[in-house]
Amino acid sequence: MSLVLVFCHTLFNDAFRNYPGATSLKLKEQKSAQFIIRYLIETKDDNSKTIAITSEQVMESLESNFPRQGINLNFNESDTRFRPAQMILALRNLLIVVDGGIKNIGESITIISDIVSSRIGTTKLISNMSNKKRDIIEFYQKYSQSSKKIKDEDIPFEVMTTCELEDYLRQGNQLICETIDKRVRGEL
Amino acid sequence: MVTEKKLYDDVQFVKIENLKGRAKEVAVTQGLTNGLALMKISINSLPEYEITPVKGDPLKVLMNLAKEDNIDLDNALLKSFTP
Chain A
46 MSLVLVFCHT LFNDAFRNYP GATSLKLKEQ KSAQFIIRYL IETKDDNSKT IAITSEQVME
106 SLESNFPRQG INLNFNESDT RFRPAQMILA LRNLLIVVDG GIKNIGESIT IISDIVSSRI
166 GTTKLISNMS NKKRDIIEFY QKYSQSSKKI KDEDIPFEVM TTCELEDYLR QGNQLICETI
226 DKRVRGEL
Chain B
165 MVTEKKLYDD VQFVKIENLK GRAKEVAVTQ GLTNGLALMK ISINSLPEYE ITPVKGDPLK
225 VLMNLAKEDN IDLDNALLKS FTP
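These protein sequence lines map, in sequence, to chains A and B.
Heads up: take any position in the first sequence, counting from 1, add 45, and you land on my numbering.
Heads up: take any position in the second sequence, counting from 1, add 164, and you land on my numbering.
Some hints could be false.
[What the hints assert, rightly or not] Mimicking DSS-like on lysine-lysine, the simulated pairs with C-alpha atoms at most 25 angstroms apart in a straight line are:
id: 1; chain 1: A; residue 1: K227; chain 2: B; residue 2: K219
id: 2; chain 1: B; residue 1: K243; chain 2: A; residue 2: K227
id: 3; chain 1: B; residue 1: K243; chain 2: A; residue 2: K76
id: 4; chain 1: B; residue 1: K224; chain 2: A; residue 2: K71
id: 5; chain 1: A; residue 1: K148; chain 2: B; residue 2: K224
id: 6; chain 1: A; residue 1: K94; chain 2: B; residue 2: K179
id: 7; chain 1: B; residue 1: K243; chain 2: A; residue 2: K94
id: 8; chain 1: A; residue 1: K71; chain 2: A; residue 2: K94
id: 9; chain 1: B; residue 1: K188; chain 2: A; residue 2: K89
id: 10; chain 1: B; residue 1: K224; chain 2: A; residue 2: K73
id: 11; chain 1: A; residue 1: K89; chain 2: B; residue 2: K219
id: 12; chain 1: A; residue 1: K89; chain 2: A; residue 2: K227
id: 13; chain 1: B; residue 1: K243; chain 2: A; residue 2: K73
id: 14; chain 1: B; residue 1: K219; chain 2: B; residue 2: K204
Don't read these hints as lab results, they were simulated from the structure.
Note that the coordinates shown come from a computational prediction; the quantities given were computed from them, not determined experimentally.
The shape of chain A in the complex, shown without the other chains (with noise of 0.2 angstroms):
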């Protein structure tokens, strides 16, 4: 059965920037979100039943800020190209990116785990951010048209944080794991 990663801006934020006098629970969802970016580059061309999906919205805003490469030749516009830099080719690349069909990044995500849980196998909702879980039962009570109170059990896929996934992850890919951590020691 396929598993279907959807993934919050958090894992991009916590696996590339340096948080100055970061906590040990910062520093373990670093290494976390690091371990599965990794993950991703490891899998991505072996046939994985692993699926991971961001949305539009969250590359976009990632994309927004990385200085756009082109040729600008000033004397034909119509010449002048601009491209993502490398950094957001190589991610994007690693990556089904969806369009969550709003302009919330929290919101498209939410959108796109519900959508995607609804068809293929076990999804599961990836952020670091504390109430997530939080938002997530807010988002189903201000769209749901019955009165009903939303609980955890209502919500379609499980939502996990980083830390949680490479726990998961761990488990069950032991050969991959071990590629990943030679890797990262240098061996290979």
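Fit chain B to the supplied structure of chain A, relying on the hints for placement.
Here is chain B on its own, set in the frame of chain A:
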């Protein structure tokens, strides 16, 4: 002399053993048969492939891509996701 910075239309991590066609030919001429690599593609008329084997941590390769483009990651990410 001003050298123009090379632009890539696509950048992706690949497993060399899974490559096909012209990309595989490029890898073979470099003596590469398997392992993780970074493939940069530039499209003019016929795609050009530049394949660099990844040794060690691929995350460092990603961060080096940002460096090549003069991106201050901390600053860019902070701005990206600050509401």
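Results of checking the hints against the structure:
A threshold of 25 angstroms between alpha carbons decides the hint, and for K227(A) with K219(B) the separation of about 10 angstroms falls inside it, so the pair holds. Restraint check for K243(B) and K227(A): the C-alpha separation of about 34 angstroms exceeds 25 angstroms, so the hint is violated. For the suggested pair K243(B) and K76(A), the alpha carbons sit about 22 angstroms apart, so the restraint of at most 25 angstroms is met. At most 25 angstroms may separate the alpha-carbon atoms for a hinted pair to count; K224(B) and K71(A) meet this at roughly 20 angstroms.
Distance restraint check for K148(A) and K224(B): the Cα-Cα separation of roughly 31 angstroms exceeds the 25 angstroms cut-off, and the hinted pair is therefore not satisfied. Between K94(A) and K179(B) the alpha-carbon distance is near 16 angstroms, which keeps this suggested pair within the 25 angstroms criterion. In summary, the hint linking K243(B) to K94(A) is not supported, as the alpha carbons are separated by about 34 angstroms, beyond the 25 angstroms threshold. With a C-alpha separation of about 29 angstroms, the suggested pairing of K71(A) with K94(A) is violated against the 25 angstroms cut-off.
Distance hint between K188(B) and K89(A) is fulfilled; the C-alpha atoms sit about 18 angstroms from each other, no more than 25 angstroms. With a CA separation close to 18 angstroms, the supplied pair K224(B) and K73(A) stays within the 25 angstroms bound. A threshold of 25 angstroms between alpha carbons decides the hint, and for K89(A) with K219(B) the separation of about 17 angstroms falls inside it, so the pair holds. A distance of roughly 18 angstroms separates the Cα atoms of K89(A) and K227(A); the hinted pair therefore holds under the 25 angstroms criterion.
For the suggested pair K243(B) and K73(A), the alpha carbons sit about 23 angstroms apart, so the restraint of at most 25 angstroms is met. Using a Cα cut-off of 25 angstroms, the hinted pair K219(B) and K204(B) holds, with the two alpha carbons roughly 16 angstroms apart.
In this structure, the hints that do not hold are numbers 2, 5, 7, 8, in rising order.
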